[in-house]
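Undergrad: Spelled out, the chains give:
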Amino acid sequence: MMKRLLFFDAMNFRSGIRWLPAALLLAASCITPIDFEVPGSGALLVVDGSITNRPGPYTVKLFKSFVIDNRYENPVSEFGAKVILFDDQGNSEQLIETDKGIYKTQGLINGQLGRAYHITIRTRDGKEYFSEPDKIEDPGQLDSLYFDYISETRIENGVEVPYRGFRVFVDAAGSKEENLIRWRWTGTYEILTFPELHMKITDRGPIADPLPCSGYKVGDNGLLKTGPCLCCTCWVNMYQDRPLLSDEQFINAGDFRRVPLAFIPLDRRLFYNKFHFEVEQLSLSRTAYEFWKAVRDQRDGSASLFQPPNAKARGNIRSKDGDEVLGLFSVGGVSIRSLFLNQSIAPDKVLPIDTIKGSCLKVDPTATINRPEFW
Amino acid sequence: MSFRLILILVVFSFLELRSQSILNQKVGSEWKGRALLELIDKLEADSKTRFFFLPAWLKTVQLEKDPAGKNLQQVLIELFENSDLTFYELHPGAVIFLRDPAKEMQHRQLVSSAIREFKKPEKIVFGSEQNFRPGQRVTLKGKVTDAKSGDPVSGATIQISDVNAGVVTDADGAFEIGIFTGNHVVRINYINYDEKVFELMAFATGELAVTLDETPMLLEEVVVTDRAAREVTTARIGQSRISVQEIRRLPALMGEVDIIRQIQAMPGVTTAGEAASGFNVRGGSVDQNLVLYEGVPVFNTSHAFGFFSAFNASSIREANFYRGGIPAEFGGRASSVLDIQAAEGDPEQWHGGGGIGILSTQIQVNGPIQKDRTTVMGTLRTTYSDLLVRSIKTNYANLSDSEVGFMDGSMKISHRFSDKARISASYYGSSDSFRITGDSSYSWNNKLFSTRFDKTFTPGFQASFFAGAGQYNYLVNNRQPETGFDLSYQITYPTAKADFSLQAGQHKFSFGGQGTWYAFDPGRLTPLKGSNAKNIVMPSKQSSEYAVYLGDGITIGEKFFAEAGIRYSLFYSLGPEKEFTYQAGQPIETVNQTGTVDYAKGEIVRSYQGLEPRVSARFSLSEKSSIKAGFNRAYQYVHLITNTTAVTPVDIWLPSGTYFRPQYADQLSAGYFRTDKDKGWEGFIEGFYKEMNGILEFKDGARLILNNSLETDLLQGVGRAYGTEVSLSKNSGRLQGTASYTWSRSLRTINGVGERDKINNGLEYPSNFDQPHSVVAQWRYGISRRIFFSGSFTFRSGRPITAPYAGYLIDQIAIGNFSERNQYRIPDYHRLDLGIVLEGSHRRNKKVSGSWSLSAVNVYGRQNPYTIFFRGQSNGIFKAYQISVIGAMIPSLTYQFKF
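Taken in sequence, the protein lines are chains A and B.
Residues 503 to 877 in the working numbering are what the first sequence lists, from first letter to last.
Residues 7 to 905 in the working numbering are what the second sequence lists, from first letter to last.
FYI, nobody ran anything at the bench for these hints, they're computed from the structure.
The structure presented is a predicted model; accordingly, all values stated were derived computationally and were not measured.
Treat the hints with care, since some could be wrong.
Stated by the list, open to error - Cβ pair distances, simulated, as ranges:
(1) B:535 / A:545: 28 to 34 Å
(2) B:546 / A:852: 35 to 41 Å
(3) B:714 / A:874: 45 to 51 Å
(4) B:836 / A:586: 43 to 49 Å
(5) A:760 / B:519: 55 to 61 Å
(6) A:767 / B:714: 38 to 44 Å
(7) A:762 / B:836: 50 to 56 Å
(8) B:615 / A:586: 58 to 64 Å
(9) B:615 / A:816: 55 to 61 Å
The C-beta atom is built at its ideal place from N, Cα and C for all residues, glycine as well.
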């Protein structure tokens with residue numbers, strides 16, 4: 503995504519080259535999924551937590567890694583652990599487990615620029631872990647967030663497919679000589695489903711079977727409304743699948759212009775109503791930056807012709823016993839901006855949303871019926 | 007002959023028996039210097055004994071030594087020693103002289119079979135029949151040249167067919183072989199040249215100038231070539247000669263005849279995949295191969311990122327590839343040498359040629375500027391892949407604006423002052439450009455220039471003086487208005503060399519010296535106007551490398567030949583230079599930097615030296631088999647810095663210095679070689695063990711471009727490789743081909759000071775190109791004089807990769823927890839290619855001859871994984887995908903012509 507900014511990011515080069523075989527060998531090359539047996543290791547503890555200069559609560563999630571076997575399973579939460587947040591002035595606060603494996607601060611400690619923080623973790627089985635202390639650095643400033651609209655067709659597997667949507671960019675300023683920055687965006691969109699139209703299959707064929715949350719039931723003369731629908735309108739989040747990082751070494755003093763953040767396709771579900779786009783500019787410690795860079799390399803490099811070998815992403819969590827532990831407790835400043843994308847701006851028209859005969863909560867794991875504050 | 011003999015015997019059987027043997031009779035010293043016939047006449051007159059023979063056999067035989075005190079038997083034994091004449095006494099009173107009938111018949115057969123094959127043996131007489139001494143040793147010397155170009159043909163086989171002796175011409179096309187006086191059939195062969203057969207009557211030492219004509223067609227109807235144990239008689243272990251003509255007969259990807267692809271098909275050589283440039287020799291990395299074009303090293307041997315090699319096949323006269331037993335003359339890279347010689351122009355008349363394929367087109371012109379004196383040869387090849395890419399219908403990324411192209415050109419001018427002195431100048435250039443999508447375009451260029459002066463002082467003492475220079479550079483151009491820039495890299499390396507060879511008795515000494523200067527411009531980032539990119543200029547680096555060597559090829563007796571040499575190399579890294587210093591005993595990391603040291607211009611930053619012993623030996627067990635062994639050490643002072651499995655054009659070369667030690671490799675190899683030339687079979691089995699020191703590996707997440715302290719991102723360690731190579735070839739008949747199998751391993755150990763300075767916890771792990779099993783078969787079958795089928799099949803074990811064994815989500819981004827390096831393998835690779843070649847004409851005198859080649863690569867359309875990658879799903883689970891570079895059958899059609 504950040505291709506233009508990361509001008510001489512080697513990854514950029516390599517991802518471009520992915521097109522080469524297709525071009526030279528007239529599409530004789532191809533990418534196909536395969537079965538690849540990797541014996542799984544035992545599940546390892548994963549830490550996903552952060553503190554910023556914005557008011558809390560700050561969250562630390564503890565769970566176990568997946569074994570690679572292509573089967574979907576929910577992550578196993580690590581519950582009942584003791585998680586304590588420390589600053590560099592001798593203050594500490596124990597986090598409360600609000601949900602299985604989710605630990606939150608209660609507001610005793612508030613992140614401040616220039617202060618260093620770290621956590622300690624003691625799991626149920628008595629194992630102890632800690633994060634390396636990191637300082638909250640000035641994240642710099644998000645100057646402007648803007649977008650344009652493109653309408654193209656592309657060839658994918660020999661078939662022309664439309665490529666229409668919004669490209670979102672940001673202009674930003676770093677704070678100092680070394681700008682270790684990550685841009686994290688979150689999209690939010692509203693979705694409408696029709697749980698009252700749910701059917702069930704019987705021996706006599708499909709019959710109406712409205713979901714209870716739809717507020718309908720089957721009456722003598724068809725469907726009968728009994729109350730409000732509790733699963734018709736949801737808000738769903740959309741996240742980036744690849745970390746966006748500044749490649750600080752070749753840029754002049756944190757002058758980031760027209761950083762391409764995302765492409766949001768003009769899709770009838772995404773644009774049933776409007777699309778909210780929020781971006782955070784996060785300052786990173788060197789360790790966190792290297793961690794996200796390794797993640798980005800994993801994602802970009804793997805499909806490259808030149809085969810940069812995959813590397814481990816090494817986070818800042820350590821175990822007192824030397825056990826392998828994964829993840830990151832991220833300490834950094836944040837600057838936020840957001841905007842709405844509206845389908846009415848687009849010259850292309852969007853089809854009306856398709857009829858999903860089910861609960862909107864099942865559309866996506868992030869779906870919620872709680873209207874966001876900004877909506 | 008046999009009929010006559012029987013007659014003699016029949017007549018003889020009626021003769022009566024006598025008691026006293028004439029053979030015991032003393033021969034007086036008065037017979038010294040007189041003819042044997044005279045003696046026989048006298049003996050017949052004085053005794054009742056009869057002698058049976060054909061006068062022609064004995065008429066030139068003289069009693070050279072004083073026969074005083076010897077009886078007739080002793081005198082005759084002495085006279086006939088080593089000749090094909092024998093005698094025996096059937097009974098007292100009858101002595102029969104016999105000419106070895108088997109030998110005579112063999113001789114006749116060879117001559118008549120040559121006549122049958124239209125080889126028209128030319129009769130050649132050395133010396134005068136008057137002076138014929140049976141059994142005397144004489145020398146057959148000569149030189150083999152190409153009839154058209156006058157180029158020496160090295161590697162041609164000289165076979166004395168009736169006595170099963172053979173020799174191979176040296177680099178100057180010269181040969182020398184000891185024979186006995188008498189009649190011989192001499193056959194001279196070289197791949198893709200018409201065989202020459204001489205009926206030689208050697209009565210004295212003589213010289214033979216042989217010109218070979220290139221085979222006008224690609225395959226003959228009846229091929230009875232006799233390559234006379236090329237593998238058995240070549241001294242060096244691990245040396246192969248590559249014939250461009252032979253490669254042309256094999257199916258080629260998109261019709262591009264490619265010398266590097268052919269190297270990759272040799273036993274002991276592997277490659278990371280179709281799109282990977284370069285090759286890996288016996289477990290060594292790509293940068294450990296010294297590729298010389300007319301003596302100048304080539305730093306990037308590929309076009310189009312490795313799909314094709316940078317050398318146009320028609321500019322190549324011959325190529326020698328050393329994967330073991332590297333001669334002392336070559337140095338600077340640790341694993342192998344590919345020595346490419348450019349083709350020269352025809353001294354007699356002008357010729358031209360060209361080829362039209364689906365990807366590129368090429369032309370070549372050569373001829374005399376001054377007849378028999380000065381010749382010129384030029385080639386040019388260019389792609390039109392731009393057209394292809396632009397014609398792909400898509401709106402995506404606006405392909406109509408893309409560039410994918412390469413071109414290369416060569417020119418060689420040679421001038422002959424006399425038979426003893428010649429000079430040549432050669433230029434080669436290649437360039438690539440690439441832009442498909444986005445704002446960045448990439449281009450890279452090779453330029454090589456060389457001059458060479460060869461002088462023969464005496465027949466045994468020759469010298470060659472060489473001066474040349476090479477340059478490799480790349481440029482990345484980003485046109486994005488906000489961040490646009492030019493990034494460039496360049497290395498320039500003038501080099502000079504002198505080689506001498508001296509023949510003294512059984513010894514053939516070679517000695518010489520070489521000096522090379524390297525100027526590295528390791529990176530320069532220039533912002534475009536209005537861009538906010540930084541202006542970065544990496545300080546240039548300079549270094550020099552020197553070497554002297556001495557070698558001796560020695561023949562001991564008939565069976566043993568050895569070549570021993572030593573090379574001493576010296577390397578200086580020179581200022582101006584600014585270097586970081588690091589805390590002693592701590593890992594070399596940015597956090598441990600303590601300061602910098604400045605070196606003035608010309609000041610020695612660091613020097614290294616190395617002694618490189620090179621030995622190879624051959625012991626002939628028989629005419630058909632030999633044992634060979636070799637040991638070599640080679641130092642390497644410049645390194646390719648890469649963090650990818652396949653080499654990219656934007657990888658950089660850097661010299662050794664304070665933090666990068668030179669690499670060196672020790673290799674021991676031994677093999678058994680056997681040939682059966684009657685049936686046209688040839689085979690060998692060879693084993694090797696190699697240890698490499700100072701090999702470079704990168705740390706996880708290493709940044710290599712515009713990095714001022716590369717030492718913090720790179721590690722040095724050791725590697726070892728071992729394996730066995732088996733190869734079997736059939737060189738005659740309608741069906742010819744080679745099949746080889748290699749079992750080998752390539753392993754590395756990186757065990758540095760700190761945690762980040764170890765790979766795989768300091769334990770040994772397989773290298774990126776460790777492919778234990780490799781099978782390559784190449785063949786061609788002649789259907790008629792004009793049409794033949796060819797094919798090749800390749801099987802290789804899957805290359806190691808690093809795979810995730812666990813996954814997790816942070817911030818909804820899937821992250822893989824990867825294994826230690828190279829713990830898994832991608833599936834095995836196999837591919838079948840087939841081709842048909844149609845020759846338009848096989849008349850030698852036809853003005854223009856053309857040929858069509860139709861080839862199909864990956865016939866059964868296997869989707870061989872070039873690599874496997876893992877992509878995290880939104881649920882955090884990783885899924886494996888494979889990339890197949892050649893995922894389908896790729897046909898191509900090429901037309902080649904020559905006039």
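Undergrad: Determine for every hint whether it applies to the structure shown.
TA: We went through each hint and held it up to the structure:
1. B:535 / A:545: 28 to 34 Å: 54 Å, violated
2. B:546 / A:852: 35 to 41 Å: 57 Å, violated
3. B:714 / A:874: 45 to 51 Å: About 47 Å separates the Cβ atoms of residue 714 of chain B and residue 874 of chain A, which means 45 to 51 Å holds.
4. B:836 / A:586: 43 to 49 Å: 58 Å, violated
5. A:760 / B:519: 55 to 61 Å: 57 Å, holds
6. A:767 / B:714: 38 to 44 Å: 42 Å, holds
7. A:762 / B:836: 50 to 56 Å: Given about 42 Å between the Cβ atoms, the range is violated.
8. B:615 / A:586: 58 to 64 Å: Taking Cβ atoms as reference, residue 615 of chain B and residue 586 of chain A lie about 59 Å apart, which means the hint holds.
9. B:615 / A:816: 55 to 61 Å: 39 Å, violated
When the structure is compared with the earlier hints, violations turn up for hints 1, 2, 4, 7, 9 and for no others.
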